[in-house]
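Colleague: Spelled out, the chains give:
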Amino acid sequence: MTPASSTIIQVACVVLLAPFATGMVRWAKARLQGRRGASPLLPYVTIATLLRKEMVVSPVTSWVFHLTPFVVLGTALALAALLPLMSAFGAFAGHDDFIFVSALLALGAVFLVLGGLDPGSAFGGMGASREMTIAALIEPAMITTFAAFAVASGTGSVSGMLAVGGAGIVAQPALIASIAALVLVMLAENARYPVDNPATHLELTMVHEAMVLEYSGPYLAMLELASSVKLAVFALLLGNMIVPNFLLVSGIGAVGVLLAIAVAIAKVSVAMVLLALLESSIPKMRFYRMQEYCAVAFLLAFAGLVLTVTQVLV
Amino acid sequence: MTAHDVLRRVDSTPAASRTGGCPSTNVPREAFARVCTDFVAVHQYRLASLFATDDRHSGSGFGVHAVLAHDANGTRMMVSTSLPEHDPGYPSLTATIMAAHWYERYAMDMFGIIAIGHPDPRRLVHHENIPEGVWPLRKDFAWNTRLAHGAVPYPMHHVAGEGVYEIPVGPIHAGIIEPGHFRFNVAGERIMTLEGKLFFTHKGVEKLLEGKTIAEALPYIERLSGDMAAAHALAFCEAAEAIAQCVVPKRAALLRALVLELERLTMHIHDLANIAGNGTGYTIMAAQGFRIKERLMRCSATVFGNRFWRGHISPGGVARDLRIEELQMIAAVARDAYRDMRDLTTMALASDGLRERLETTGILTRDVAIAYGAVGIAARASGIACDVRHDFPDAAYRELAPVPAIEKTGDVFARFMVRVREMDSSAALIERICGSLPQSPVVVACAPIQGMGIGAVESWRGEVCTALIMDDGRIARCFPRDPSFCNWALFGELGPGNIVPDFPLCNKSLNLSYSGTDL
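As given, the protein sequences belong to chains U and V, one line each in that order.
Be aware that the first sequence starts at 1, since it is given in the working numbering, and climbs by one per residue.
Be aware that the second sequence starts at 1001, since it is given in the working numbering, and climbs by one per residue.
In short, the hints are calculated from the structure, not lab data.
Note that the structure is predicted; figures quoted are calculated from it, not measured.
Among the hints, a few may not be true.
With the Cβ distance kept under 8 Å, some of the chain V side facing chain U (calculated, not the full set) [what the hints assert, rightly or not]: (1) Ala1174; (2) Ser1351; (3) Arg1357; (4) Ile1499; (5) Asp1502; (6) Phe1503; (7) Pro1504.
Cβ pair distances, simulated, as ranges [as the list claims (entries may be wrong)]: (8) Val57(U) to Pro1153(V): 30 to 36 Å; (9) Tyr1154(V) to Val64(U): 32 to 38 Å; (10) Ala1160(V) to Thr310(U): 54 to 60 Å; (11) Gly120(U) to Gly1497(V): 25 to 31 Å.
Here chain V is said to cover these stretches of chain U; the calculated rule only asks that three of the stretch's residues, wherever they fall, bring their Cβ under 8 Å from a Cβ of chain V [what the hints assert, rightly or not]: (12) 33-41; (13) 188-202; (14) 284-292.
A virtual CB, placed ideally from N, CA and C, is assigned to each residue, including glycine.
Chain V with its partners taken away, still in its complex shape (with noise of 0.2 Å):
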């Protein structure tokens, strides 16, 4: 079986019968390697998630399940294979598709499911201190189990050799940042490599959700990633309809957006304030980029009662329609906002000290952001054109069109440069919509019962790719993959050559989630 049967088969079902938006094959466990290898290789899909589900209940053992997407042609495929109860392996999908690596090591410390012929089956999520055969996404593992203090290798990569050193970073940091060790060999002050050990905070999140209706699974999801709030919950409430097949009404449609573009108005300011402010010392940047950052969060406050953008987003549509007042505060917020950081960024821009620190620092070259799946921020700064807002638009950006802001040379400018486009687009965005929202209801029913689907959002960080599968209306599995999940191991590539001092500079320019990979 390869690709191309896949995709005749798929071709011959009836649009009405694909679920969630998303075609979706079963394959034997022996061609699954073969057929995903097939996509990607020739027909120029991209791994954009892969997650297991523990489906023993319907005597159907495990399933493993690849999300293709073709951004190009924007379309989606769901590639799944089942594995029996009691051998559950498959041949690894890593060593011919590197995106698979992450998420296949997550599926082994979460369902015990083994990819067969990984080259780099370690442990993720698990440290040390969790016992061996502790499948916490198995159904018979229950959320509240006290667990054995274990005292399993965790072991990380070194290097030896006269004058190489190593340097432990973390858990706990300097600055108010979540909990990451980064272990850096280092020859000199150049690093030779980087590796990062995550998970630190765990919350079971994947677990909690099971079980739980569509409303009360929001707030969870709303609160997986601080800073992502609304991408997420927009990606949640899309794999809901798709499941629901309920049509989102335009003016509620347009409100997403605003949130959304909101909400990466908001965390561009703070990246490109941290930055130049905090990763080089450009202090002014960061004194000033921060008070803008704030009247923003102060505005989502005033409107929202809190300050991430959290709480309008809801399955449907939105949770309240915005008066005209609401509007054009928040028009007026946002355009105060944009036109200060502008200019800041355009201070920023005339310095050449600060250009010579952001040049070359951090290059992560096409190839590498290909093989490893990079989404968001990172991809496009290394020359790949991905934007779901332009490859996959729903309603709001079929209409509002906005073009993928790309640059070439991969290095942390071309990120920051980047940031400072779409920030351009994002107010401009803002403008439009909060200008011309048609009348309309802003929320439809929504009650997902039974079935899988795919919700994609274009976080400020990235692509936010949730899979969701309903079982008689409450959540049987869901799988929020934040865009940080992609891009967490691009860090081995694109620090090793730098010197450590400017490794703060490259993280920054990345600025991904740990709680957001955390689930």
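One chain only, chain U, in its complex shape (with noise of 0.2 Å):
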């Protein structure tokens, strides 16, 4: 297997399976809740009815808003790309440098805003200065928990750190802090509990969805399958950054490439259902802390790199 090719397996399954883990944190939620839910392929059905489905665009927007799904979708694709999910050594290994991750992040934050800011409704503006505010909260906290991957790891791109990282967790404990807030950053990110709720109908208390209000159409399938996205590049991340391990090697064979998609499915899944728990076991915390929030993210972010360090020079 080449890097190439392992790169191309990875984006596909990321893209592929991306609907399925919104589908199966909605479920699972509803489950958790005695309801019966609908089926975990439904958001499947839901982006290809959006496709077909005629676009209302405001009059009163410019390019920006045209722009928006494309930029949003293609950072998300991007990182599908970039980051190691299912393979260690794709084409683009080495650089994925991860200030060029989180600026690849900002890239779709900002222009999201900016796509919530052009019609000018009161929605779009209101939920994008809640955006900014933590985007600029929350920034800090994940560069500073790469930082200790990285200084653990002695490499600043994100794959380099999976691959020295070898036997994960385990093998680094220091990094403990920085795996939990790593989860506080993913939550943030992608638009989840305690910081935004993805299922409210209630546009004022809206972060994320009140940013695409406006969408329609195949447009806003594509916000949708980029947040979708962005869900399961962080979750495999995540799952990666604990057992690093079934990953696509070179020499490996087709036995290996279909146990590499299984495990991705099973890490995913399992981080969809942990996260439906949360979701079902605590309120949306009230806007004002999330500067709390924020900031305990940052200090497991800060603890989890001091420990690094200090074991690092000792």
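Could you fit the two chains together into a complex? Lean on the hints.
Modeller: In structure tokens, the structure reads:
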């Protein structure tokens, strides 16, 4: 297997798996609340339906509104190609510096915000302002978390962090705090509890959903797919940080590829069930508590960094 | 003339001639505001309702009637004034009795009666599209009049300044709720002012009721607000019975209380689920709470043929007696629903995250609640002891004697707790009524012919106060005042200071009816 083919397999699998991740978390939430719940495969149907639908675009929008879905989906796909999700030796391995990854995430967030602002609706502006607040507060935690991994592995590239980690978190107990911080960052980045409620219909409380309220049809399908891809990417990344096994490696056979795909599905499913458990057991946090949430995430990340640095120096 | 004179005059009239269980007195229009203010400020009455009448056919112009209630003494009083046909104005009460503000704007829109000196004389019911000079509740306005399209301004409060922006929400919302427009003026996330624009789906019920008999009118009354069918029906029937001076048999009174408490239990379960579940995102409460509420609604469907506890309360008693099996079934369903919901609320109250969301959110201070004439859950959560079941008990509640649930803090948590405690007491009342019903007929003849009656009932939301005037066996005027009418304006007070994402939670903690307000 060549690095290029492993990257192609990874992107294809992540994109195909992404709607399942969203569906899975919804289904698990329903089950945990005692409801029957829609099939985890429903988001595939939703995206297919949206792609067929007519788009309603406000006449006051500019090119920014039209560009946003492409940029947002583009950054999500770039993450799916760059990061070591199913393969640690992909075509871009070594190019996925964690600062670059953070910048990609920020690029997607900024365009989402611009797309929310562009139609000039009150809800879009409200969501945009909240998104920027959260993004600005959570970014230090994200950078610090990855910095700890970088110190532990001696490399700034995320795939390098994974390759050196080898036995994963078990071999680096100092990284436990960083993993915890990564979970908090992942929840905030993906607009999940306790930062945002992806299932609410109350416009006044929305963050992510408020920004995409004006989108419809194929554009909405792209944005929904982008959110799903992002969720699957973070789930797999987190899974690989903890269990960096069963990845695509050179010289792998057909059975190995199938096994890697099966493990990826398992990792996403487990992550989504855990997410559903979290979202079923706590209420959403008051928006003015966000700074405390982000501060906790940063403190955890910083603790992880300090422990790792200490370990390396000693 | 002062309230003291009025009270003395009322005391000297024989009890039998007092209209509809509520002594009434007529004062000159110049003295109207003074006397009412005296009642409120000196004698601790509160304004329970204020409505206008078109009495031009009898040559006495227009009437304005203030219903005043003294909760601690359990007494009610009606002070009226007559206004000449060609100069229908009177000194406004609102300057001295804040609670009158919406009633007077309502009368200005519907009757063209001017409350002179009203601090906020904007339109209330009529939106931009209603032309000037349209007074739908005057007798010479036909219910099916087609109006020209008007363009009258409907200004709303507006704050200017750097960084201040407006958020218009509604009238069409994402959830399946009624239409209402809310205008937020916001600095960052903090709400500075908040104003509602309601009355998008005016039904014209007051107009349609005129000329109908009691029996013809009841179905309209039951449909004023779908979640308060029993309470509105009961208040209406009590007003009619006060005019007819008939006494409802004991068994019927208890069966009515049973339906009222079932409605309360159903809706408190709904609200607890909605506040915690949808308001804060503690989703298990919504998923499970709505399932539990559904059991009660199906119980209503089984017993009464509809899901809204409708069709049972009727003038003079109840529509039919309930069989022992039906009572047992109702008791069993209510017991199970209550037990399940109590488990859920116990779990919810143990959640720090949930309490953190509810506590200190949407605080309504006691002073504001009194000034605005807040009723029901909103008033009791702010430390005001008012519960019609306790203060003005009918035959059933005199025996059942429920204790009002009072909380002090006035926040969303206090309103949550009032509901939890009332759910406890309603479940106990249902159990008690089902277990110990005396045998008696369940209906007496009730034929109100002439006169005025007041019916007041503590619905799950708060006090319903229905004023009914009969003329020759037909309704001349009926004003079923929904508790929502008193409480809507509270949002302007409890919203500011909170952050925008907490407003839905404040809204759910009051859960007011658009339909009940927009008659």
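Colleague: All hints are to be evaluated individually against the structure, with a verdict given for each.
Modeller: Now the hints, each set against the structure:
1. This hint holds: Ala1174(V) has a C-beta 4 Å from the nearest C-beta of chain U, less than the 8 Å allowed.
2. This hint holds: Ser1351(V) has a C-beta 7 Å from the nearest C-beta of chain U, less than the 8 Å allowed.
3. Evaluation of the Arg1357(V) hint against chain U yields a held restraint, the C-beta minimum of about 6 Å falling below 8 Å.
4. Satisfaction of the interface hint for Ile1499(V) is found here, the shortest Cβ-Cβ separation to chain U being roughly 6 Å, below the 8 Å cut-off.
5. Proximity of Asp1502(V) to chain U holds as hinted, the smallest CB-CB distance being about 7 Å (cut-off 8 Å).
6. A cut of 8 Å between beta carbons decides the hint on Phe1503(V): the least distance to chain U is about 5 Å, and the hint holds.
7. The restraint placing Pro1504(V) at the interface with chain U holds, with a minimum CB-CB distance near 4 Å, inside the 8 Å limit.
8. Between Val57(U) and Pro1153(V) the C-beta distance comes to about 32 Å, which sits within the given range of 30 to 36 Å.
9. Judged by the Cβ atoms, the range 32 to 38 Å given for Tyr1154(V) and Val64(U) holds: they are separated by roughly 34 Å.
10. Between Ala1160(V) and Thr310(U) the beta carbons are some 55 Å apart, a value that agrees with the proposed interval 54 to 60 Å.
11. Hint check: Gly120(U) to Gly1497(V), Cβ distance near 27 Å, so the stated range 25 to 31 Å holds.
12. Proximity of the region 33-41 of chain U to chain V, defined as three or more residues with a beta carbon under 8 Å from a beta carbon of that chain, is established by the 3 residues found.
13. Remark: the region 188-202 of chain U is confirmed as covered by chain V, as 7 of its residues place a Cβ nearer than 8 Å to a Cβ of that chain, reaching the required three.
14. Residue count for the region 284-292 of chain U with a Cβ under 8 Å from a Cβ of chain V: 6. That meets the three needed, and the coverage hint holds.
The structure meets every hint from the earlier list without exception.
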